[in-house]
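Undergrad: Those sequence lines, one after another, are chains A and B.
For what it's worth, our numbering labels the leading residue of the first sequence as 1, then goes sequentially.
For what it's worth, our numbering labels the leading residue of the second sequence as 1001, then goes sequentially.
These are calculated hints, taken from the structure and not from any lab test.
Predicted model, so just to flag it, every value in this text is computed and none were measured.
Which chain A residues stay away from chain B? Per the calculated CB distances, all over 12 Å, these: (1) G85; (2) V89; (3) E97; (4) V112.
Take a look, some chain A residues computed to stay more than 10 Å from chain B by CB distance: (5) E54; (6) K75; (7) P87; (8) T95; (9) M98; (10) R101; (11) V108; (12) E114; (13) V118.
Pairs of lysine to aspartate or glutamate residues, derived as EDC-like cross-links and limited to a Cα-Cα distance of at most 16 Å, are as follows: (14) A:K5 to B:E1149; (15) A:K5 to B:E1144; (16) A:K5 to B:E1171; (17) A:K5 to B:E1179; (18) A:K5 to B:E1174; (19) A:K75 to A:E115; (20) A:K5 to B:D1146.
Note that the Cβ used here is the ideal one computed from N, Cα and C, for glycine as well.
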Amino acid sequence: MPQIKSLEELRRLRERVERDITTRRDTSTTIIVGMGTCGIAAGARETMRAILEELRTREMDINVTTVGCIGMCAKEPLVDIEQAGKPRVTYGNITPEMVSRLIEEHLVKGQVVEEWVVGRLQE
Amino acid sequence: MRELSHHVLDLLENALAAGATQVVLQICEDSGQDMLSIEIQDNGRGMDAETQARALDPFFTTRTTRHVGLGLPLLKAAAERCNGGLTLASTPGRGTLVRAWFQREHIDRAPLGDMPSTLLGALLSSRGDWDLVYAHRVDEGVFELDTREMREVLGEDIPLSHPAIRQWLEEYLEQGYAELYTGLWADRL
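Based on the sequences and whatever the hints tell you, model everything.
TA: This is the structure:
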C-alpha cells in the first residue's frame, strides 16, 4: 500500500524542488496541449494524460501545460513542443497511441516527426 | 463529449478564459435523490443579460478563432435528455455560476468518467495564477482539493505545474479518487 499523499509530503517535495528550480528556467522544454472545447471533444485530455504517463515512465523532467483554443480546431488534439533556442513545432491530430513515438523521436532523438507537423513558429 | 468530466473540463476552461482567479467546483452525487449535479462558480468577468441568453445558443461564442461555441449548449442538451437542466447566473465584473443536474440513474446519462485527468488538465493550464476549490461528494463520501492550501505549502516560486509537483498531484488525485470509490463500494458489499 503506497503512502497516502498528503500536504506534509508536498512540503518535503518543495524542499527538494527548490534546490533545482533556479537552473531549469532557461534550459527547459515545454509540451503544450490545446484544451479548448474543440480539443476536449477530440480527445486532448486523453492525449495529455498519455504524455504525462510517457514522461513518468521515461523519467523525463519536462513541463506540460494546457491552453485554450488556438484556432486549428479540425487538427485537434494539437500538441506543441517548445525547446529553448529552437522553433516551436505544432503537431496535429495527436492521439494517445502516437505519444510514445512523438516523445521518442522529438525529445529523445531530437528529430522532428515531419509527417505529423502542422505548423512551426520561429523563436 | 463522451463523459460528463469532459464537460467539467470545458466549464473550467470557460472560467479561466473569463479571467477567473478563483473557481469553486462542486460535484454532488446523491443516490437517495437520484441526482448528479455539477456546480461551478468563478470570479471572472461575468456576462450581461444579453450575453447570458446567447451563451446557450450553439452558434454563439466569444472566441475569435471560430464562429461556434458549443460548450454550454451541449451540456444543457445532455442534462435535459436526463430529466435535468442547466441554469446560468452571471453578473458583469463579479463572475458566473453554472449549475447542471441530471437524473443520476437515467439510461442516457453519460458516465462522469475520469475526473483526475480533468482536474489535471485544468490545473496544468498555462494560466497558472488561479485557485481551485473542489469538492466531489458521493452520498457520505467526499474528495476535496484546495489549491490555496497547496500554494501555501509550495510558496510563490514553485508552480503546481512543476514536473515533480505535477507528478505528486497526479498521484494525489488518483489515490483520492480510488479511496472515494472503494469506500463507497465497501459499504455496499
